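Asker: Residue-level listing of the chains:
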Amino acid sequence: MAVTASGLYLTTFIDILDTTQLAIDLDLETHKIALFSNSITPSFSADTAYGVSPYNGNEVTGTNWASGGVAVTTTTVTESPTGTLMFDAADVSVGTATFTGARFGLIYADALAGNNAIVGINFGSDYSPNAGTFSITWASTGVFALDLTP
Amino acid sequence: MPSTETLEKKFLEAKEQYAAGKLDGNKYQKAKSDFALARVEERKAEEADPNHPRGNGIASVTEEN
Chain C
1 MAVTASGLYL TTFIDILDTT QLAIDLDLET HKIALFSNSI TPSFSADTAY GVSPYNGNEV
61 TGTNWASGGV AVTTTTVTES PTGTLMFDAA DVSVGTATFT GARFGLIYAD ALAGNNAIVG
121 INFGSDYSPN AGTFSITWAS TGVFALDLTP
Chain Y
1001 MPSTETLEKK FLEAKEQYAA GKLDGNKYQK AKSDFALARV EERKAEEADP NHPRGNGIAS
1061 VTEEN
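Top line first, the protein sequences correspond to chains C and Y. Residue numbering for the first sequence follows the numbering used here, beginning at 1 and increasing consecutively. Residue numbering for the second sequence follows the numbering used here, beginning at 1001 and increasing consecutively.
Rather than coming from a laboratory, the hints here were simulated on the basis of the structure. Accuracy of the hints is not assured; some may be wrong.
[Claimed, not checked] Below, in silico cross-link-like pairs of lysine-lysine (DSBU-like), each with a Cα-Cα straight-line distance of 35 Å or less:
#1 Lys32(C) to Lys1009(Y)
#2 Lys1044(Y) to Lys32(C)
#3 Lys32(C) to Lys1030(Y)
[Stated by the list, open to error] Restraint-style ranges between C-beta atoms, simulated for each label pair:
#4 Leu22(C) to Ala1020(Y): 37 to 47 Å
#5 Glu1041(Y) to Ala131(C): 30 to 40 Å
#6 Pro1002(Y) to Ser125(C): 18 to 28 Å
#7 Glu1005(Y) to Asp27(C): 13 to 23 Å
#8 Gly1021(Y) to Gln21(C): 18 to 28 Å
If you're wondering where the values come from, they're calculated on a predicted model, not measured in any experiment. Cβ coordinates follow ideal geometry from the N, Cα and C atoms, glycine included.
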């Protein structure tokens, strides 16, 4: 049981593109990122949502980081670079935060009743700020980028 | 060329107006694209700085206690 990778959730993206027509709007300012410990084992093929296994336990919370996480803001879905779909957002930064053992971040659609999982990020190490500033600094390629013209 | 901060402000205003049905979709997409591209360029410059925590191809996570 461990976090080993980052990825997009296949179930969600299939539901967006097939007859389900799941209404994920990546431009919304309401998506959230929740934190989990290394006790979970994400499956990007099988996992579906925040609040559903394995995201129904082992959530990391604490001072200034409540259950459910914080909003991911200033979101954009654009073409960058040419031929590539990029989802980007403002860096996450929370001051005076205290929690223990954050290894994984789950971005999910908080505005949808299903809390559908969008993307999971493996932090690579456990983070345990003690009244400190916890930051997730996205790469210039955004939160994720899909090359649609390989 | 407007600063990234200015473009961000214009984009967020456009986002609100578009959501309220008060802005044409093409104008919203233009404001979004202008800001998004400026943000990418700013972040590329930060990635080139070895002292900046900006991730290179991945997210970078830090804690400062």
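Asker: Within a Cα-Cα threshold of 35 Å, do Lys32(C) and Lys1030(Y) meet the stated pairing?
Answerer: 25 Å, holds
Asker: Holds or violated: 13 to 23 Å for the Cβ distance of Glu1005(Y) and Asp27(C)?
Answerer: Check passed, 20 Å falls within 13 to 23 Å.
Asker: Regarding Glu1041(Y) and Ala131(C), is the given constraint of 30 to 40 Å on their beta-carbon distance met?
Answerer: At 35 Å between Cβs, range holds.
Asker: Please test the hint of 37 to 47 Å on the beta carbon pair from Leu22(C) and Ala1020(Y).
Answerer: 24 Å, violated
Asker: Just to be careful, I want the Cα atoms of Lys1044(Y) and Lys32(C) compared with a cutoff of 35 Å; is the pair within it?
Answerer: Holds, at about 25 Å.
Asker: Can the restraint linking Lys32(C) and Lys1009(Y) be considered satisfied, given a maximum Cα separation of 35 Å?
Answerer: Judged against 35 Å, a Cα distance of about 21 Å means the pair holds.
Asker: Given the hint of 18 to 28 Å, is the C-beta distance from Gly1021(Y) to Gln21(C) inside that range or not?
Answerer: 22 Å, holds
Asker: Can you let me know if the beta-carbon spacing of Pro1002(Y) and Ser125(C) is within 18 to 28 Å?
Answerer: 38 Å, violated
The structure fails hints 4 and 6 (numbered hints given earlier, in ascending order).
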